[in-house]
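A.B. asks: Sequence:
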Amino acid sequence: MRRFAVQAPDGVTLSGFVAEAAEPRGTVVIRTPYDCEVHTAQARSWQARGYTCLVADVRGRYASAGHWHPYSSEGADGAATVRAVLNSTWHRGGITLLGSSYAAHCALETARALAGVPEHSARIDAVVALVPALGRFETARDPNGCPRLADRFGWWFEHGFERRSGPPLGERRATDLLARAVDAGPEATHPLEDPTAGQADLWRELWAAGPTDLHARYAGATSPLLVVTGAQDFFILEALDLHDSWPAPVSLINGPWGHRLTAERPDPAGSIGERVLAWMQRPSTPYHPAHFVSRTP
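Reading the sequence shown from the start, the letters are residues 1 to 297 in the UniProt record's numbering.
No lab work stands behind these hints, which were simulated from the structure alone.
Glycine included, every Cβ here is placed at the ideal spot set by N, Cα and C.
Mixed in with the good hints there might be a few duds.
With beta-carbon atoms standing in for the labels, derived distance ranges [unchecked claim]:
(1) G145 - R217: 49 to 59 Å
(2) L240 - Q281: 19 to 29 Å
(3) T175 - A76: 19 to 29 Å
(4) A122 - H69: 29 to 39 Å
(5) T89 - R49: 16 to 26 Å
(6) G94 - N144: 34 to 44 Å
(7) G145 - W90: 21 to 31 Å
(8) A179 - T222: 17 to 27 Å
(9) T222 - A76: 10 to 20 Å
(10) D183 - P247: 36 to 46 Å
(11) T175 - E274: 16 to 26 Å
Between the sequences and the hints, there should be enough to build the whole structure, so can you do that?
C.D. replies: Below, the structure is given as structure tokens:
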């Protein structure tokens, strides 16, 4: 493994690692808040399939410097990461921006940031968004505005406030928070017992957020997109909206899965990874294997 580091536009150092393929067909870029080292096996899998794989921690998490502020800087930081890849000695071919859940947001925002720079966006072969967690509103509320209390209490308690993820929210604490939120509202019910002023601000910001206009936000996108979702994923409606909003060639995989996809329910038709790999061979065409829904603009 090769260590990777790049400076963001404001000078913050973003870090990760690279698994180099012997004769690379391209580079897969994954930016994650969940510790790049946890993704070593995934990087090795891409390497074995002929793709160099870069996995980097997002700003303020694990090996990357800076302040962790979810959903605030992934476009600019992702664009800086891609520029570093393009200028590296080990990169060959095109780039696939790939991620699951929050990392899918990172991939999409990177594609958006690069859309206005033709010499860079032209090097993005594909974007893969698996069970995307698209934004503050889209994760905190159902499309009708109803709060997703249990899920957000759990995610923010475990991942939302510190450099490293902590233990899961316990059942007793979760029950207490839900009861308090019914009376006081989610904004006034912080998952931490004694939050700092900054942590309190992050929580208020989450619940004050409005919905993202996906048509407007990604109107300039030019890269082919694959959206992967499941009927049991709590973000399925947002994933389908993303698919319908994307202005470039777009494909959809939708199965009987939850947020962990086939990790929760194995699919006899094959792994998600193999389907993604098959799509990556010709992402810009409307002709894909039978388990895809595809369209071109």
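A.B. asks: Per the hint of 10 to 20 Å, is the separation of the Cβ atoms of T222 and A76 within bounds?
C.D. replies: holds, 18 Å
A.B. asks: Do the beta carbons of G94 and N144 sit within 34 to 44 Å of each other?
C.D. replies: Between G94 and N144, where Cβ atoms are some 39 Å apart, the hint holds.
A.B. asks: For the hint 19 to 29 Å, verify it against the beta carbon of T175 and that of A76.
C.D. replies: violated, 39 Å
A.B. asks: Starting from the hint 16 to 26 Å, judge whether the C-beta atoms of T89 and R49 obey it.
C.D. replies: The hint (16 to 26 Å, Cβ to Cβ) holds, given that T89 and R49 are roughly 22 Å apart.
A.B. asks: Does the Cβ distance between A179 and T222 fall inside 17 to 27 Å?
C.D. replies: About 48 Å separates the Cβ atoms of A179 and T222, which means 17 to 27 Å is violated.
A.B. asks: Confirm or reject the claim that D183 and P247 have a C-beta distance inside 36 to 46 Å.
C.D. replies: Check passed, 44 Å falls within 36 to 46 Å.
A.B. asks: Within 16 to 26 Å: is that where the Cβ-Cβ distance between T175 and E274 falls?
C.D. replies: Given range 16 to 26 Å: violated, Cβ gap about 40 Å.
A.B. asks: Cβ-Cβ distance between G145 and R217: within 49 to 59 Å?
C.D. replies: violated, 19 Å
A.B. asks: Kindly confirm whether 21 to 31 Å is satisfied by the beta carbon distance between G145 and W90.
C.D. replies: violated, 46 Å
A.B. asks: Just tell me: holds or violated, for the beta carbon distance of A122 and H69 against 29 to 39 Å?
C.D. replies: holds, 30 Å
A.B. asks: Taking the beta carbons of L240 and Q281, is their distance inside 19 to 29 Å?
C.D. replies: Once the Cβ atoms are compared, 24 Å apart, the range 19 to 29 Å for Q281 and L240 holds.
When held up to the earlier numbered hints, the structure conflicts with 1, 3, 7, 8 and 11 and fits the remainder.
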